[in-house]
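Under the numbering used here, think of the first position of the sequence shown as 6, with each following residue one higher.
Think of the hints as simulated: they come from the structure by calculation, not from any bench.
Owing to the predicted nature of the structure, the values given are computational and were not obtained by experimental measurement.
Glycine included, every Cβ here is placed at the ideal spot set by N, Cα and C.
Check the hints yourself; a few may be wrong.
Said to hold, decoys possible - Simulated DEER-style distance windows between Cβ atoms:
id	residue 1	residue 2	range
1	Q20	D83	39 to 47 Å
2	E72	L107	21 to 29 Å
3	P46	S226	20 to 28 Å
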Amino acid sequence: MKNEIYGHFHPDERQFVDKAWEWVTSAGEYHETRLTEFLDPRQGFILQTLVNRHPDVAVRWEGGTEEAERKRALVAPDYRDLEEDDMELRVLAISSGEQKFLELEHGDYMGAILGLGIKRGKIGDIHVLPDGCHVVVAEDIANYLAMNLTGVHRINVSTEILPLSSLRSSSVKLEKLELTVASLRLDGIAADVTRLSRSKILAPIKAGRVRVNWKVEEDPSCGLKDGDMVSIQGFGRFKVLEIGSLTKKGRYRVQVGKFV
Numbered sequence: 006m007k008n009e010i011y012g013h014f015h016p017d018e019r020q021f022v023d024k025a026w027e028w029v030t031s032a033g034e035y036h037e038t039r040l041t042e043f044l045d046p047r048q049g050f051i052l053q054t055l056v057n058r059h060p061d062v063a064v065r066w067e068g069g070t071e072e073a074e075r076k077r078a079l080v081a082p083d084y085r086d087l088e089e090d091d092m093e094l095r096v097l098a099i100s101s102g103e104q105k106f107l108e109l110e111h112g113d114y115m116g117a118i119l120g121l122g123i124k125r126g127k128i129g130d131i132h133v134l135p136d137g138c139h140v141v142v143a144e145d146i147a148n149y150l151a152m153n154l155t156g157v158h159r160i161n162v163s164t165e166i167l168p169l170s171s172l173r174s175s176s177v178k179l180e181k182l183e184l185t186v187a188s189l190r191l192d193g194i195a196a197d198v199t200r201l202s203r204s205k206i207l208a209p210i211k212a213g214r215v216r217v218n219w220k221v222e223e224d225p226s227c228g229l230k231d232g233d234m235v236s237i238q239g240f241g242r243f244k245v246l247e248i249g250s251l252t253k254k255g256r257y258r259v260q261v262g263k264f265v
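Throw the hints in and build the complete structure from the sequences for me.
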């Protein structure tokens, strides 16, 4: 069974596949319930795929909003009413009286939180707001963050723990770029977005530092399509918004959105 499952996923994902299958079988065979850490969309897809393979297992997802990118999963026997369970989520509200605070970005908050020794799996979506920031966090680290997060990017901040119902969400900001490319290959489009040469963009791709739709992609010739999400470690993320018509010289018109 496990070898059959492995065939559907990248070899680098086997460790997570093993963990997720253990959650599923524990729920289906031993009637155990497991609340996971925050999972990214790719991990969520893997877990949901495995849940779908077991007739006696159900899963509930929660990340603060319906559109949340990172969510916790509650894996349980299918006879459980999961809506009554506490998903153990809180909101860390971050504010400051300093004017420069309003210039902080998603990466600044992420860096400050991870710099406190917090694992990524304990942190959900980060919502940068006009007057502050709301971060969805696991309940068990909320107090630690509230006590120890005193600065973000050398700016003094104050924090407050709020219930999930008080979450203020933010819309994703994209910087739109219009490109004309010779092909729809990953390396070509990624090189234009990051302003690196084609040869230099090959290094992170071949090193496994590039993900397409949250899945490691090591093939530079991988073709991109509308809606694909590409993340490059150290260079941020972008989304393919639209692949348009060909130019007179046979090049593709591509619109991408770079996350800012």
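Fill in: Hints violated by the structure (listed by number, smallest first)
Violated hint (a single one): 1; every other hint is consistent with the structure.
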